[in-house]
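Trainee: Sequence:
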Amino acid sequence: MRENNSMVSRVRKAAKNGVRRILPILLLFFILSLTACGSKSDTETTAGTEPSSQAQQNGDPSKPAGTDDAVIDITIGSDPTGEASPYLDTKDAKGTEASTEDVTKSGEDETSAPAESKPEETTPAETKPEETTAPEKIIAFENCNELVYATPRMTILNFRDKPSTSGKLLAQIPAGTPLQRTGRSDEWSRVIYNGQEGYVSANFVSTEAPIIDLFGEKLQVCDEELYTTDKLNFREIPSKDGKVIKVLDRAVKVHCTAIGENWSRIVIGDQEGFVASQFLSKEEPAPLETQAPPPVVVNPEPQIIENPNEAGFTDCNEVIRVTTNLRMREGPNAVANVITVLNKGTEVQCTGKNDQWARVNYGGRTGYVSLEYVTTVGEAGTEQPNQPNQPATPTWSVGRITKKVTENGTLYTGNGGPLIAIDAGHQSKSNTETEPNGPGSTTMKAKVSAGTSGRATGLAESMLNLIVSIQLKDALLARGYNVLMIREAQEVDISNMQRAQRANASGAAVMVRVHANGSNDSNKAGAETLSPSKKNPYLSADVIAASELLSRCVIDAFCVSTGAKNNNIYYTDTMTGINFSTIPTTTIEMGYMTNLAEDANMASPEYQVKMVVGIMNGLDLYFGR
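Going by numbering that gives the first Met the number 0, the first residue of the sequence shown is number 0, and it counts up by one from there.
In case anyone wonders, no lab produced these hints; they're calculated from the structure. Only a predicted model underlies this, so the values are computations on that prediction, with no experimental measurement involved. Don't take every hint at face value.
Cβ pair distances, simulated, as ranges [to be verified]:
(1) 281 to 581: 43 to 53 angstroms
(2) 145 to 355: 56 to 66 angstroms
(3) 314 to 371: 18 to 28 angstroms
Below are the DSBU-like pairs computed for lysine-lysine, each with C-alpha atoms no more than 35 angstroms apart in a straight line [claimed, not checked]:
(4) 239 to 281
(5) 230 to 343
(6) 281 to 242
(7) 242 to 428
(8) 167 to 534
(9) 403 to 609
(10) 523 to 533
(11) 446 to 534
Glycine included, each C-beta is placed from N, C-alpha and C at the ideal position.
Between the sequences and the hints, there should be enough to build the whole structure, so can you do that?
Mentor: The following block contains the structure:
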């Protein structure tokens, strides 16, 4: 019995151990059956039948009646980038719905059931995103025909063969380039560049022309055909000191690619350069008027004329007085070159007359003045009896002045006041040879330019500067100053460096450089003085400070006298005539010759007197006189 009990005990123990060993296997079998059942139930659910009730109807032994286990749905998740995710996304069937996005729309093959494609069995070669090609996004373009400009954040804009960042790169367009836009969308613009159609980002083109910096000049990009309105220099850089490539004739058609207040960039053939903006126009200028040829005279009576310029002249020997500031010319006509300007009240010897002109001697030269602005005087300066209504105009009393021509210029001395060097800016012809911008500078600039000209009067700036400078000389002599004139004629060739060096060598206390301004903006007006900045690398601190004080005194007094707008002091270290000066120096820009009103003012004798008085008062203020 004890043995039987022992046997029963051993059987029970073995059975118990067997159950323990087989139980995990049975449990695993149950789980696998449950999974297969869940997959079938999910398929039936999509047909509209509840999984629990369907299992009861079919008598499914793996799904006991009354149970309500969760159904697990395993699908391939979709990626917003359009590339299928290689990871599985598990969702509760009673929770958030699985993504309804059809991944085949992104170019991927439809994913099969989980049992057929377990994640761990999927090889990388089957699911590499880079091997999947998404279909091109269809972009609707609005047709247009307009000019736009490249405005990339950096310096270039990518030009592609299709409106996509995956498009082939056809070229890289420089910033500011004008483009013809033929189509546009929110993201892309269809444009033509170098005759080829392609696409650029819509974010980096604009209908507004950009502003670019060229050699320190701010120019607005453009693309238009313009005409020259006068003969002008075509230069390598936008500066009066820039090397002249060639001289352009009037009415030449040019392609303008950038335009600024003072300078414009143009292209002629394969050459790119710069011209003064004020001499460009959208309208082709009308042909210049030419004088009709003289009529043909049959058997004309012979005439003996010793000097062709003096037809009808009668010799005389008398003294005449100038009744206004009057130009003395090389010939008896209004287009002859101006030798100098005679101040109002100046008395000169007249050696011949015709009905309009007088031949006179002044300063050792022979020239001609209009009879309309002179009156005949007798000995001791009294009026001739036949002209009782002409009042005598006194000349300035200049004391015992000695005139001497020196290597530095014409020197007028005899007074006790300071010596003032006057440089009438520019000359009749420019000199494009170069010289250093300052002592020891490697920057080379043209020696001297011809300057601008009057928009209303056509008067050359170099001539206006000379007219005012000669009057300033006489006014300063009358006020007790001594004067050095760097030039007294148009036909000279004196570089800006030489002008400063001559003033330095003369022993002058200060130098006044007489100039006028020009601008592409015809409304711009006012006067200013130019002075070196405090960081000027060529001048001593004492000369810089004194030049600033001189500039301030002159511009303030000038604007009080003339009523001109005070544009104050313009500080610059690029003027050769200033950088080589070892004495205090100022440049007076009297006004804008490109402004119709100011040009007319500066050409009038009355306003010239105001300008001269203003400069003179500024010098008095500087010297404390």
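Trainee: For every hint, state whether the structure bears it out.
Mentor: Going down the list of hints, with the structure as the test:
Evaluation of the 43 to 53 angstroms hint for residue 281 and residue 581 yields a pass: the beta carbon distance comes to about 47 angstroms. Between residue 145 and residue 355 the beta carbon distance is about 59 angstroms. The supplied range of 56 to 66 angstroms therefore holds. At roughly 21 angstroms, the beta-carbon separation of residue 314 and residue 371 lies within the given 18 to 28 angstroms, and the hint holds. Our distance criterion of 35 angstroms between C-alpha atoms is met by residue 239 and residue 281, whose separation comes to about 23 angstroms.
For the given pair, residue 230 sits about 34 angstroms from residue 343 by alpha-carbon distance, which is consistent with the 35 angstroms threshold. A C-alpha spacing of about 26 angstroms is found between residue 281 and residue 242, which places the hinted pair at or below 35 angstroms, so the restraint holds. Distance check on the hinted pair: residue 242 and residue 428 sit about 14 angstroms apart at the alpha-carbon level, within 35 angstroms; holds. For a cut-off of 35 angstroms, the pair hint linking residue 167 to residue 534 is broken: about 51 angstroms separates their Cα positions.
For the proposed pair residue 403 and residue 609, the alpha carbon gap of about 28 angstroms is at most 35 angstroms, so the pair holds. The straight-line distance between the Cα atoms of residue 523 and residue 533 is roughly 27 angstroms, inside the 35 angstroms bound, and the hint therefore holds. Proposed proximity of residue 446 and residue 534 is supported: the alpha carbons are some 24 angstroms apart, at most 35 angstroms.
Checked against the numbered hints above, the structure violates only hint 8.
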